[in-house]
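Asks: Protein chains in written order, with our numbering: chain B, 317 to 599; chain R, 317 to 599.
A hint or two may mislead.
Identical copies look the same in the list; a pair holds intra-copy or inter-copy alike.
Stated by the list, open to error - Computed cross-link-like contacts, SDA-like style, restricted to lysine to any residue with a CA-CA straight-line distance of at most 20 Å:
(1) Lys448 x Pro597
(2) Lys392 x Asp413
(3) Lys318 x Arg344
(4) Lys575 x Cys326
(5) Lys318 x Asp341
Source of the hints: derived by calculation from the structure; they are not laboratory data. Here the structure is a predicted model, which is why all the values come from computation and not from measurement.
There are 2 protein chains.
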Amino acid sequence: MKTYLDCIPCFFKQALFAARAAVDDEARIKAVLDKIGMLVSEIPLNSSPPETGREVYRTVREVTGVDDPFRDLKAKSIDKALALYPTLKHLLGEAKDPLKTAVRLAIAGNVIDFGANPDFQLEQDIQEVLQKEPAINHYQAFKEKLARAQDIVYLGDNAGETVFDRLLIETMGKPVTFVVRESPIINDATEEDAISSGLDNVAAIVSSGCDAPGTVLGGCSELFLAHFNKADLIISKGQGNYETLSQEKRPVFFLLKAKCPVIARDLGVKVGDVVIKDALPSK
Amino acid sequence: MKTYLDCIPCFFKQALFAARAAVDDEARIKAVLDKIGMLVSEIPLNSSPPETGREVYRTVREVTGVDDPFRDLKAKSIDKALALYPTLKHLLGEAKDPLKTAVRLAIAGNVIDFGANPDFQLEQDIQEVLQKEPAINHYQAFKEKLARAQDIVYLGDNAGETVFDRLLIETMGKPVTFVVRESPIINDATEEDAISSGLDNVAAIVSSGCDAPGTVLGGCSELFLAHFNKADLIISKGQGNYETLSQEKRPVFFLLKAKCPVIARDLGVKVGDVVIKDALPSK
Chain B
317 MKTYLDCIPC FFKQALFAAR AAVDDEARIK AVLDKIGMLV SEIPLNSSPP ETGREVYRTV
377 REVTGVDDPF RDLKAKSIDK ALALYPTLKH LLGEAKDPLK TAVRLAIAGN VIDFGANPDF
437 QLEQDIQEVL QKEPAINHYQ AFKEKLARAQ DIVYLGDNAG ETVFDRLLIE TMGKPVTFVV
497 RESPIINDAT EEDAISSGLD NVAAIVSSGC DAPGTVLGGC SELFLAHFNK ADLIISKGQG
557 NYETLSQEKR PVFFLLKAKC PVIARDLGVK VGDVVIKDAL PSK
Chain R
317 MKTYLDCIPC FFKQALFAAR AAVDDEARIK AVLDKIGMLV SEIPLNSSPP ETGREVYRTV
377 REVTGVDDPF RDLKAKSIDK ALALYPTLKH LLGEAKDPLK TAVRLAIAGN VIDFGANPDF
437 QLEQDIQEVL QKEPAINHYQ AFKEKLARAQ DIVYLGDNAG ETVFDRLLIE TMGKPVTFVV
497 RESPIINDAT EEDAISSGLD NVAAIVSSGC DAPGTVLGGC SELFLAHFNK ADLIISKGQG
557 NYETLSQEKR PVFFLLKAKC PVIARDLGVK VGDVVIKDAL PSK
């Protein structure tokens with residue numbers, strides 16, 4: 317997905333949120349925004365938003381001197397999600413179609429943006445996503461392709477959401493490579509976060525090699541690209557991965573909730589809609 | 317009111333909205349945002365948001381070559397409001413306390429941001445403001461001070477809203493000087509808009525001399541300042557006038573709906589709240 321002009325005000329909003337998480341010093345936070353201002357003319361609209369997001373967060377780190385402003389929030393998010401794990405595991409045990417419920421739960425995990433909205437109504441959001449009919453619903457195709465898949469790559473998104481990913485991977489019962497970001501960026505899951513979520517028990521954890529809040533293939537490691545290129549099923553969680561991979565001709569399923577108007581428009585859905593999208597639907 | 321850091325992303329949002337109203341050329345619109353980016357480091361946080369707003373819209377005008385991107389929208393707004401005028405006049409004729417209803421209607425006019433949201437539910441918004449208890453309600457003080465006032469200055473805000481201002485001025489039945497912006501800025505009312513709304517029949521129309529989307533006293537004309545300084549009652553409509561005058565020790569009543577979180581926080585109310593605020597409340 318390209319960068320839309322509407323993304324530009326949003327970069328400033330995100331920078332402000334991250335700078336405030338990093339320091340409590342108005343002049344320093346303003347200095348972050350000043351520097352992002354200088355970046356605007358260099359934003360190429362034909363790149364994806366996470367490519368600029370990477371520069372935005374790099375600026376936050378440089379000006380504030382804080383490498384991982386969301387470290388505490390991520391740890392709390394994982395703890396919160398782990399506390400729910402037994403209840404959700406039980407829910408899956410009782411489900412008529414456990415895979416379907418696990419897919420929905422994995423999307424519910426994405427709904428919960430621990431970074432932007434730490435005070436969400438967790439249980440309520442889960443109920444909503446479990447009940448809401450996805451606006452794009454390629455679940456049947458997902459189920460069929462998953463049954464035949466031998467080599468699955470699962471692209472993670474936020475810390476905390478990772479516990480929900482773990483539930484889906486456990487339900488799928490297939491060998492999975494779980495992909496994390498190379499270094500801390502917003503509240504995206506790193507290797508450390510994946511391990512804290514217990515993902516190392518159910519998947520091989522691999523870094524994408526990329527430090528953008530998405531999967532920018534041009535900036536990924538050879539190791540990751542080897543996995544990506546030979547996988548027969550790729551599960552892509554969240555907006556950032558969609559933004560960077562929506563044009564790729566690979567067997568990707570995008571699982572996400574459309575949380576911003578730009579992505580909703582790009583997908584042809586409404587803000588708040590749940591999406592299970594096959595990147596290569598059969599004719 | 318000072319400029320909060322949260323105003324900075326919003327300046328970009330407003331610039332984008334205005335640039336899109338001006339031209340249909342993505343590269344040109346991007347050029348507007350690039351130039352606003354360069355301005356960020358020059359924004360003094362101790363100035364009011366409309367002072368930066370003026371620079372933002374100046375940039376839009378310079379880069380797009382369009383002096384008044386909201387001209388058509390303003391004309392439509394006034395037409396829509398004039399079409400409602402007879403119904404609202406009838407409503408006032410039947411009201412128990414016509415002044416109270418007229419004050420509420422004038423705030424309803426401010427609710428309707430013709431610029432940002434041209435597809436509002438006009439009748440529904442009016443009903444809501446008529447029924448909703450203001451979060452800050454100095455109506456009684458307003459009524460008493462109005463009864464004694466000899467020299468009233470009324471600071472207008474948006475085009476269209478001006479028709480609602482006319483209804484309040486007719487209901488007050490006192491000589492009023494109605495103040496407009498010196499030149500087009502967003503959808504703020506200019507002299508032309510005030511005349512189209514019929515305000516010239518019920519008030520003397522005076523320009524503030526200021527081309528910011530508020531009343532920046534340091535940039536106002538001598539003529540306006542003479543009016544402002546001798547008035548014994550000043551009615552200030554909308555957010556922009558509040559932002560520029562909230563610190564002044566003058567007999568001002570602020571009538572507005574808090575439409576943004578920054579102003580709501582500054583006032584100590586919630587977004588969506590209706591406000592009738594006496595700047596110099598009695599002890």
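Asks: So, for every hint listed, does it hold in this structure?
Replies: Tested hints:
In this assembly of identical chains, Lys448 and Pro597 lie within 20 Å of each other by CA distance neither inside one copy nor across copies; the values are 22 Å within and 51 Å between. In this assembly of identical chains, Lys392 and Asp413 lie within 20 Å of each other by CA distance neither inside one copy nor across copies; the values are 31 Å within and 54 Å between. In the homo-oligomer, the alpha carbons of Lys318 and Arg344 lie at most 20 Å apart only across protomers (17 Å), although the nearest pairing inside one protomer, at 31 Å, exceeds that limit. With identical chains, the CA atoms of Lys575 and Cys326 are at most 20 Å apart both within one copy (13 Å) and between copies (19 Å).
For the identical chains of this complex, Lys318 and Asp341 are inter-copy neighbours only, at 17 Å across copies versus 34 Å inside a copy, given an alpha-carbon limit of 20 Å.
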